[in-house]
Amino acid sequence: MSAAPQKSRYDAFAERLLASLTELERRDVRSFDRWFFSEGWRWLAGLVAVTTVFAWLGAQLPWNMTFGEASVLFNVVVLLLVWSGVSAWFGFRRLKGRIFRRVVVDPVVFLVVGTLAGALVAGLIHGESPLYFLQDYTRLRHGFTAGLVFSFLYALLVALISQLRNREYAALTARLEAEAHQSDLSRQLAESRLKLLQSQIEPHFLFNTLGSAQQLAEKGAPQAARLIADLIRFLRAATPALRNDTNTLGQDAVLAEAYLSIMRMRLSRRLDYAIDIPPALADVALPPGMLITLVENAIKHGIEPAAAGGRIDISARHEGASLVVRVADTGAGLGGSAAQPGQGIGLANIRERLHLLYGGTASLELGENAPRGFVARIVLPRADAQRPVSARNTSEGIVR
Amino acid sequence: MTAATAMIVEDEPLMRERLRDKLAELWPSCTIVAEAADGDEALALFDIHAPQVAFLDVRMPGRSGLDVAASIGADCHVVFITAYDQYAISAFAAAPSTTC
Chain A
1 MSAAPQKSRY DAFAERLLAS LTELERRDVR SFDRWFFSEG WRWLAGLVAV
51 TTVFAWLGAQ LPWNMTFGEA SVLFNVVVLL LVWSGVSAWF GFRRLKGRIF
101 RRVVVDPVVF LVVGTLAGAL VAGLIHGESP LYFLQDYTRL RHGFTAGLVF
151 SFLYALLVAL ISQLRNREYA ALTARLEAEA HQSDLSRQLA ESRLKLLQSQ
201 IEPHFLFNTL GSAQQLAEKG APQAARLIAD LIRFLRAATP ALRNDTNTLG
251 QDAVLAEAYL SIMRMRLSRR LDYAIDIPPA LADVALPPGM LITLVENAIK
301 HGIEPAAAGG RIDISARHEG ASLVVRVADT GAGLGGSAAQ PGQGIGLANI
351 RERLHLLYGG TASLELGENA PRGFVARIVL PRADAQRPVS ARNTSEGIVR
Chain B
1001 MTAATAMIVE DEPLMRERLR DKLAELWPSC TIVAEAADGD EALALFDIHA
1051 PQVAFLDVRM PGRSGLDVAA SIGADCHVVF ITAYDQYAIS AFAAAPSTTC
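In order, the protein sequence lines correspond to chains A and B. Residues 1 to 400, numbered by the working numbering, are exactly what the first sequence covers, in order. Residues 1001 to 1100, numbered by the working numbering, are exactly what the second sequence covers, in order.
Keep in mind the hints are simulated off the structure, nothing from the lab. Note that the Cβ used here is the ideal one computed from N, Cα and C, for glycine as well. Accuracy of the hints is not assured; some may be wrong.
Here chain B is said to cover these stretches of chain A; the calculated rule only asks that three of the stretch's residues, wherever they fall, bring their Cβ under 8 Å from a Cβ of chain B [to be verified]:
no.: 1; segment: 64-74
no.: 2; segment: 203-214
no.: 3; segment: 255-269
Put together the whole structure using the sequences plus the hints.
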């Protein structure tokens, strides 16, 4: 004999049935199951008792019914109603969208078939022709009216339950989907931030900056100390800016300034720059890493490929309901950067994060600068109107 | 050992200066006959001075170090100077007798 517990036929049946349901339905059925076997059966027993009392009362009326007949009839009707109610409660998905058929067509069909069947049975019992019953107009009318009222009420109950349950089910499904979407957004945002962190400080930048600083120091040039001070300022500004939950335009401006100051010393006359961010906007929140990515792009794809160099202008403005952060260069423009490796990754990352944080209300606009060069604009909803999509659930808070 | 001639091509002035100093220190018999700040200038100076060795930065304005190597690689030794790993492979593909 196997020691494993044998599955009963009922268990196997229940398992098959449960497998055909959705997760939400299964959850409902299980909780109902628990309820019924812990206390629900008492309610059922109580219902039978109450119905029987009513049957006794009914038997006192001049209906020509014994107490036994009345209790059987009453209990059958009430239990059938309960059974239908429970069936509709759990089978609501199968009843969806067929309200007209349920409430109007089905009762009429049942009524006609039921009346004919009843007449047939009555005729057989009384040894009369079934058609005789149909000829008794008064009885037929009473039977029909009672049947019609009953089946209509029954159909209405089923339809109402299935309607309510379907609505509830749709709402719950929508909520679960929204939650799943939300957690998906946070995950994507975290990944995107990680990518940004990994790509942030390039070894090439550090090698060349330190090499330049060493060269200046060996020559005893006073700029050596300044270059190293700039590098320290850059590293200090870069590291917390990527970790902090809140990041401001002011912090990003410091980072960009340190970076440009280093690059101007390294490229000497080939680079000129200006940063124009009004003090009022210094505390405005900005997702970390975006401004410096644009500035690095301007150097890498604009200034460095241009033999004559160029100029970089950083500015920030409120334009209507938007905050616009702009990085423009007069470098090589689109043509000069075509062959550079790594291009587009930084911009794609900015786009992705803007989309994840603001949905469709923020954008990254790219274009040609006049007379030459490249312009990138980050357009965000204004700080006082900002409603980031997912700041609630992510570490990348925008609202300060 | 006969005196070698070399050319330095690097767009950042400080790094160019550093390369010149290091070369003088480590290879005193080498004469630096030309210095260029970009690829086009490098090709022009190469035609004039015909150095035996060219030290090339990979990322430069205009023609890149790889383009320059492809033009002159047969006529001289090329040494690439770069911190970019991803360039190393294309560097060898462009001019097989190179050093990174």
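We went through each hint and held it up to the structure:
With 0 residues carrying a beta carbon less than 8 Å from a beta carbon of chain B, the segment 64-74 of chain A misses the three-residue requirement, and the given coverage is violated. Here's how the segment 203-214 of chain A fares: 7 of its residues keep a CB closer than 8 Å to some CB of chain B, so the rule of at least three is met and the hint holds. By the rule of at least three residues with a Cβ nearer than 8 Å to a Cβ of chain B, the coverage given for the segment 255-269 of chain A holds, with 4 such residues.
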